[in-house]
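Residue numbers (UniProt numbering), protein chains in the order written: chain A, 1 to 212; chain B, 1 to 212.
Hint data in this document are derived by calculation from the structure and do not stem from the laboratory.
One or more of the hints may lead you astray.
[Unchecked claim] Just so you have them, the derived chain A footprint on chain B, three or more residues with Cβ under 8 Å:
#, stretch
1, 82–90
2, 101–114
3, 159–170
4, 175–187
Since the structure is predicted, the reported quantities are computational estimates derived from the model, not experimental observations.
Beta carbons are placed, not taken as given, at the ideal position from N, Cα and C, and that holds for glycine.
There are 2 protein chains.
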Amino acid sequence: MSRYTHLADFDQLAGMLAVASRDLCPVIRRASAALLEVDAEAGRTVRAEVAVARELHDRIDGSVPAVLARRQPVASDLRLIVAGLRMNGDMRRMGALAGHIAGVALARYPEPALPAQVRPTFVAMADAAARLADKAALVLATRDRVDAIQAGLDDDVLDALQRSLFTKLTDDWPYGIPAAVDVAMLGRYYERFADHAVGVARQVAYLVLGSR
Amino acid sequence: MSRYTHLADFDQLAGMLAVASRDLCPVIRRASAALLEVDAEAGRTVRAEVAVARELHDRIDGSVPAVLARRQPVASDLRLIVAGLRMNGDMRRMGALAGHIAGVALARYPEPALPAQVRPTFVAMADAAARLADKAALVLATRDRVDAIQAGLDDDVLDALQRSLFTKLTDDWPYGIPAAVDVAMLGRYYERFADHAVGVARQVAYLVLGSR
Chain A
1 MSRYTHLADF DQLAGMLAVA SRDLCPVIRR ASAALLEVDA EAGRTVRAEV AVARELHDRI
61 DGSVPAVLAR RQPVASDLRL IVAGLRMNGD MRRMGALAGH IAGVALARYP EPALPAQVRP
121 TFVAMADAAA RLADKAALVL ATRDRVDAIQ AGLDDDVLDA LQRSLFTKLT DDWPYGIPAA
181 VDVAMLGRYY ERFADHAVGV ARQVAYLVLG SR
Chain B
1 MSRYTHLADF DQLAGMLAVA SRDLCPVIRR ASAALLEVDA EAGRTVRAEV AVARELHDRI
61 DGSVPAVLAR RQPVASDLRL IVAGLRMNGD MRRMGALAGH IAGVALARYP EPALPAQVRP
121 TFVAMADAAA RLADKAALVL ATRDRVDAIQ AGLDDDVLDA LQRSLFTKLT DDWPYGIPAA
181 VDVAMLGRYY ERFADHAVGV ARQVAYLVLG SR
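Let the sequences and hints guide you as you build the complete structure.
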């Protein structure tokens, strides 16, 4: 194999990771639309998109041994591959969680899964989760402005929103048990999604800043 | 570096993975004891154990680039390293989830987090989760009898238990909203724990069977 082929392998892996992270941005937004706008079409689209994303995550995982074997990478390339596997695991979960959010919306359709009282909290959660997915994709695609992006990288907003949600799930909650369970699970899905998005971005930041 | 040192690196990584998976078995059992026996001491011990486990998971992740760089492994060794990183990610989540189970028990202490009606379901969940953790540890330590172990490797039991749990969380549920939310989250934690345990064992089975 020529050096050129090796580079192509490597670039392809980096490219697949960038595509995988970028593809998750519309997926989480559409999952939130399915939930917030009670849009079954959006929910079904998310399910299809998540299945496509999963194939890409499988291809990424599957390509790594071959890239390692052919390229025998060292130093920064090697860290990228190790980080890439970790990121891919995070992205796999992000896709699954977006699918779960859409799934709850679809299970309740045509009723809204969200009682009016908690809708504003989920609007804020959806926004924060989508922004974190954007940041993960941006930092992975550009490996640039990592300091600036890293500064705004935290899922504290989601943690705080989830905590405020759980304070509403008391015996005064007027919407019944199934809605309370849905709301608790949805809060958890957004919180986990955000945590994995931050994981992706932090891996890139670590790579870029660590190699300066 | 001598060949001997390289082998030591590699064995050390495999050893750390085996220890990490074995250590999770008492942790999930103790987390279940905290929950089922309303045992705060067990709950606090789990928290400490999870913190120790996390350090080992960090050391495993941290050791991989050096092992790869020094050993330039090929074929089966390389697959083991890639699989090892994935397993380590699974085990990291297993530890966190055991910690969440203990956390719910501690948050409700001295009250039981589980209403009597769902206790039998959680006894079964705890048993199934602990057995899957055992299988993951056994298969990772021995890389033996993989076919036999693989045959019994599924988290369908947990999925079915979780579904039966959710059918109880209707408006007829007599224990109030906070208990319903706890029960839903606990069901989710066990289901996710089992899923990750199966992930670990499947990675090993794939490696062993794939290399025959």
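Open item on the list: How does the stretch 159–170 of chain B fare against chain A when you require at least three residues with a CB closer than 8 Å, holds or violated?
Closed with: Coverage by chain A holds for the stretch 159–170 of chain B (3 residues, Cβ < 8 Å).
TODO: Examine the stretch 101–114 of chain B for residues whose CB is less than 8 Å from any CB of chain A, and state whether their number is three or more.
DONE: With 0 residues close enough to chain A, the hint is violated.
Task: Coverage of the stretch 82–90 of chain B by chain A (three or more Cβ within 8 Å) - done: That given contact holds, which follows from 4 residues of the stretch 82–90 of chain B lying within Cβ reach (below 8 Å) of chain A.
Open item on the list: Three residues or more, CB to CB closer than 8 Å: is that satisfied between the stretch 175–187 of chain B and chain A?
Closed with: Satisfied; 7 residues make the cut.
Hint compliance for this structure: hint 2 is the single one not met.
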